[in-house]
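With the hints as constraints, model all of the structure from the sequences given.
Throughout, this note's numbering is defined as the position within the sequence shown, counted from one, plus 17.
Treat the hints with care, since some could be wrong.
Stated by the list, open to error - In silico lysine to any residue, SDA-like type, Cα no more than 25 Å apart, as pairs:
hint	residue 1	residue 2
1	308	563
2	214	316
3	120	78
4	400	427
Claimed, not checked - Here are the in silico distance ranges between beta carbons for each label pair:
hint	residue 1	residue 2	range
5	415	649	24 to 30 Å
6	371	236	41 to 47 Å
7	279	152	45 to 51 Å
8	401	268	34 to 40 Å
9	524	431	29 to 35 Å
10	307	371	46 to 52 Å
11	118	365	57 to 63 Å
12	426	61	46 to 52 Å
The hints are simulated quantities; they were obtained by calculation from the structure and are not laboratory data.
Please read all numbers here as calculations on a predicted model, not as lab measurements.
Ideal placement from N, C-alpha and C gives every residue a C-beta, glycine not left out.
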Amino acid sequence: MRRQKLASLTLILLASVSIAACGKKEKATAPVPAAPAAAAPAAPTAEEIAAESQRINDWFNAKYEEQLAFSPIQRTFLGDKKDYDKIDDLSEAGEDAQLAWQKGTVDDLKATFDRAKLSQEAQTSYDIWLYQYERAMKALPFRRDQYIFTQMQGPQAFLPQFLIAFHEVADGADMDAYVARIGGAARGIDQLLERAKLGAAEGVRPPLFAYEGVIQQSRAIVAGAPFAGAGDSPADSPIWADVQSEIDKLVKDGKIDAAKADQLRAGAKAALVEKLGPSYQSLIDWFEADKANADKIATGVGKLPNGAAFYAERLAASTTTDMTPEQVHQLGLDEVARIKGEMEAIKEKVGFKGTLQEFFKFVREDKQFYYPNTDEGRAAYIKAADDKLAFIKGKLPEYFGLLPKAGLVVKRVEAFREQPGAAQHYFPSTPDGARPGVYYAHLSDMGAMPIPQLEVIAYHEGNPGHHMQIAIAQELTGVPKFRTQAGFTAYSEGWGLYSELLAREMGAYADAYSDFGRLTTEIWRAIRLVVDTGVHAKGWTEEQAVAYFTENSPAAAGQIRSEVQRYLVIPGQATAYKIGMLRILELREKARGELGDKFDIRGFHDAVLGGGALPLDILERRIDEWVAAKKAA
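Below, the structure is given as structure tokens:
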């Protein structure tokens, strides 16, 4: 971007000089001696480039440390216990403060460093820092168009999960911080509810099903002791149960005495009853009261006052491209048609007699494709996922030079935020690998967890998918720290979907139905291109989207409904998977074509993963640089 601006400025300056020179020549009575040509600036030496690149990396690391001051939550995800007793400022004013800081860093970056004197890697860091700010500024006009609370991992579920799963307690001080954070979570809920009210005043409300999800999840947080009405729910509330468990463990390990334990319990109880409970009750009360204003027939954001522009911005942010909704929609239609052809081939392979739609129905409904809806069935699902991940882990060195140090575990989603048929998801390890990555599965309804899809989802969320990509990024040492935490959906989810196909090349999906499950998830992502643009740009209703999804996929009915409702409340995000995957495949084939016998799949994968998450155009530039270096070797 900066080079384009400099080029334009140079052209303007040259035009000005030409006009001025023409004026002088008209008045001159004698030839004017030509000015000597200015010597071209000397190219920076390798030593100068190395020194300037180190200087900017030091600058980036210092600025990233400043940036972390805005997010104690992110510090905790990094395994850093600084500000361990705090929760982020989640207000609009807090967002404004971050943006003002971000603008200051961009101004400083441009004034302090010459991009031309940086290494290729440092130039990439420079470009990403600018890109992140530019994207934030493009999103700013639409911040009240965002749905603040929804059924999809909304803050009402995330903040309790953060306390329970990610605030690690090793001593009494950590538990003091936990108690303080209960109050911080209450303040965060209050701030976000105020933002939801501001949006509603401007006509921005999620569909009715989102209201119901928020209310249900919020009630689950404040059901049970020590909250009022606990007699109706004999069990402890989720956070109180975790508090008791953590304090008991500290006592058992000799980290605190009984008096300190009593103090911590009393403090936690007061924070829950006096702060968190009232905040959640206010949230529940407002959503209950405003429910009458929500749309019962759900459609996309195109109906909002700034709907079309907002969706275009979300599409660009998710895909890191300038594709239009119509282009995305057509790409989806084309991919759905292509993948259905591959599905027909598997139908023939297994000897099914009937149409593809009948085969969809068979795979969707036959009991052989589901574990029983019991605790034994849930345990069997997790064990099967562990077994598949163990197989693929043994194959990784054949396809990657870079391997993650952090471990990976498979867990069932906590009961208070579990939803039948909801998408599995991944939470990252810490950069030092002390806390493993977690692949979470929703197992409340085993009828929404088809066995043919078990293998492919494990690879997507675990290895060689999200865990591989994110853990490697976090463990990188050759780039500034902010690069190890950067997130671009088209890159990360594109890699996740690419990894599903890569696993097949690595020897996975020996069973034909598992390979059909892989195609089921791939067509799922192609359907997303059609449905996401359908509901947000073409005015489709939820039922139209469900009908299209059902016609073109054997996914379980619960999965389909949950997915469509996800797209409705998170516009654009679901389009990133297929677009990112296709770009990675294009880059791989381009590199293979240019390198011929010099192409190395391990080197290609290391080039893709070795710089952390990137916008797709910067990823393409990185692969081009890798190809050029291989040719020159």
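Here is what the structure says about each hint:
Only pairs whose Cα atoms come within 25 Å are accepted, and residue 308 paired with residue 563 is accepted, the gap being roughly 23 Å. For the hint pairing residue 214 with residue 316, the CA-to-CA distance comes to about 20 Å; that is within 25 Å, so the pair holds. With a C-alpha separation of about 17 Å, the suggested pair residue 120 and residue 78 falls inside the 25 Å cut-off, and the hint holds. A threshold of 25 Å between alpha carbons decides the hint, and for residue 400 with residue 427 the separation of about 9 Å falls inside it, so the pair holds.
For residue 415 and residue 649, the Cβ-Cβ distance of about 26 Å falls inside the hinted range of 24 to 30 Å, so the restraint holds. Under the hint 41 to 47 Å, the C-beta atoms of residue 371 and residue 236, about 45 Å apart, fit the expected range. In this structure the supplied range 45 to 51 Å holds for residue 279 paired with residue 152, their Cβ-Cβ distance being about 49 Å. Between residue 401 and residue 268 the beta carbon distance is about 38 Å. The supplied range of 34 to 40 Å therefore holds.
Distance hint for residue 524 and residue 431: a CB-CB separation of about 34 Å, consistent with the stated range 29 to 35 Å. In this structure the supplied range 46 to 52 Å holds for residue 307 paired with residue 371, their Cβ-Cβ distance being about 48 Å. Between residue 118 and residue 365 the beta carbons are some 59 Å apart, a value that agrees with the proposed interval 57 to 63 Å. Between residue 426 and residue 61 the CB atoms are about 47 Å apart, so this pair conforms to the stated range of 46 to 52 Å.
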